[in-house]
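K.L.:
Here is how the chains run, residue by residue.
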Amino acid sequence: MNAPRPALTRRRRRLYLLGAAAVVLALAATLILNSFKDSLVFFYSPSDIATRADIPRDRLIRIGGLVEKGSIIRAGSEIRFTVTDTAHNLRVVYRGILPDLFREGQGVVAQGSLKAGGGETVFEAREVLAKHDETYMPREVADAIKKSGQWKPDEAGTK
Amino acid sequence: MLNFLANPARFMRIFGPLLPWCWAVAVLAGGAGLVLALFASPADYQQGDSVRIMYIHVPSAWMALGAYTVIAAFSAIALVWKHPLAHVVAEAAAPLGAGFTAICLVTGMLWGKTSWGTWWVWDARLTSVLVLLFLYLGLIALRGAFDDESRGQRAAALLALVGFVNIPIIKFSVEWWATLHQPASVLRAGGPAIHPSMLWPLLLMAVAFMAYFAALLILSVRTEIARRKAEALIVAGRRQS
Numbered sequence: 001m002n003a004p005r006p007a008l009t010r011r012r013r014r015l016y017l018l019g020a021a022a023v024v025l026a027l028a029a030t031l032i033l034n035s036f037k038d039s040l041v042f043f044y045s046p047s048d049i050a051t052r053a054d055i056p057r058d059r060l061i062r063i064g065g066l067v068e069k070g071s072i073i074r075a076g077s078e079i080r081f082t083v084t085d086t087a088h089n090l091r092v093v094y095r096g097i098l099p100d101l102f103r104e105g106q107g108v109v110a111q112g113s114l115k116a117g118g119g120e121t122v123f124e125a126r127e128v129l130a131k132h133d134e135t136y137m138p139r140e141v142a143d144a145i146k147k148s149g150q151w152k153p154d155e156a157g158t159k
Numbered sequence: 001m002l003n004f005l006a007n008p009a010r011f012m013r014i015f016g017p018l019l020p021w022c023w024a025v026a027v028l029a030g031g032a033g034l035v036l037a038l039f040a041s042p043a044d045y046q047q048g049d050s051v052r053i054m055y056i057h058v059p060s061a062w063m064a065l066g067a068y069t070v071i072a073a074f075s076a077i078a079l080v081w082k083h084p085l086a087h088v089v090a091e092a093a094a095p096l097g098a099g100f101t102a103i104c105l106v107t108g109m110l111w112g113k114t115s116w117g118t119w120w121v122w123d124a125r126l127t128s129v130l131v132l133l134f135l136y137l138g139l140i141a142l143r144g145a146f147d148d149e150s151r152g153q154r155a156a157a158l159l160a161l162v163g164f165v166n167i168p169i170i171k172f173s174v175e176w177w178a179t180l181h182q183p184a185s186v187l188r189a190g191g192p193a194i195h196p197s198m199l200w201p202l203l204l205m206a207v208a209f210m211a212y213f214a215a216l217l218i219l220s221v222r223t224e225i226a227r228r229k230a231e232a233l234i235v236a237g238r239r240q241s
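Chains as they are written, first to last, in this note's numbering: chain A, 1 to 159; chain B, 1 to 241.
None of these hints come from the bench; they were simulated from the model. All values derive from a computational prediction rather than experimental measurement. C-beta atoms are modelled at their ideal positions from N, C-alpha and C, and glycine is treated no differently. Heads up, some of the hints might be wrong.
Claimed, not checked - Okay, the calculated bits of chain A under chain B, using three or more residues with CB under 8 Å as the criterion:
no., stretch
1, 27–40
2, 135–149
Said to hold, decoys possible - Restraint-style ranges between C-beta atoms, simulated for each label pair:
no., chain 1, residue 1, chain 2, residue 2, range
3, A, Asp143, B, Ile140, 44 to 52 Å
4, A, Ala50, B, Phe134, 34 to 42 Å
5, B, Ile234, A, Thr30, 45 to 53 Å
6, B, Thr114, A, Thr30, 45 to 53 Å
7, B, Leu38, A, Arg126, 54 to 62 Å
8, A, Leu31, B, Ser197, 38 to 46 Å
9, B, Gln240, A, Leu31, 56 to 64 Å
10, A, Ile145, B, Asn3, 52 to 60 Å
11, B, Gly144, A, Ala116, 50 to 58 Å
12, A, Asp143, B, Leu5, 49 to 57 Å
The shape of chain A in the complex, shown without the other chains (with noise of 0.2 Å):
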């Protein structure tokens, strides 16, 4: 009668212990990862290099955005262009060959440092990545909103 009982609660503690060093192990990471917050960010946005004092000039950093549309400027192997998060801007200097997708209104990752000469500050790329947005569509389907005015560039790229 009594035969089967402890093999049902010893069964019953190993859920439970199982259960509690899930939570456990749940909270432990969200802790590491939320103190990790910052060295997990993959690229700063112009809007922190705008408005935060700690990220350091004449390093090795990432900053990523979209580019201007109207902004890209070529003078020799010389290309300048602003990168933007809509709320600020930054502008970029690079020698070098782009990706395919680097275009105008599309977002892009360059690695390099932050120069402050002449009271503006400048991002000198070393390399240039081209970021692709989530958005998978054919090329007619693209044309067809552009042309309906429903296109908002604003959007794409933006994570």
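Given chain A's structure and the hints, the job is docking chain B onto it.
P.N.:
Just chain B now, with coordinates in the frame of chain A:
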């Protein structure tokens, strides 16, 4: 229910007949999906034809997470209810998950080179998926590292449960931190951001990958049960002679 399925013979009597159906779904959905993905679907307005890598990359990424979830669930069952068969299922899923993760990483690198301009970056998404691959390899290695089979199984089951913390990190890494990898296109608030002409081949491929995983899992579990039965027979035979 769990106790009912814990009997290997009963387990195979229920899941064994599913095997040919899994193969059929994998071949049919995979064939139709590949034709749609490679020929009948349009090129992307930004990426051009390299979008077709996505039809392999995304389903294998889903299966990499799915296989790990299966391992974690069966590891929990094995540790709490002490069903040996649950260990067998978890063990069978590990190399499959490792394979899907490797495919996901390689196809992602190929796509990254053409679209981003780099094979690899250490952003939160790419790094956490690489950690997942090492977790899979660690599970396989840890299980084999003990002379006593049941101790290896228990150690691997514990590692599988601890490592499960990585799964939500992979899924939400693209929302929590600024990453080079784009956020989710299909499972996102506000519906899929993929045009239906591209979403259908993707979903077909996902169904095919899932059926392929199920088929290999059932096959692998059946093989392991047969191996154990053969071993027990050999031991019994030695005792008699």
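K.L.:
Enumerate the violated hints, using their earlier numbering and listing them in ascending order.
P.N.:
6 and 7
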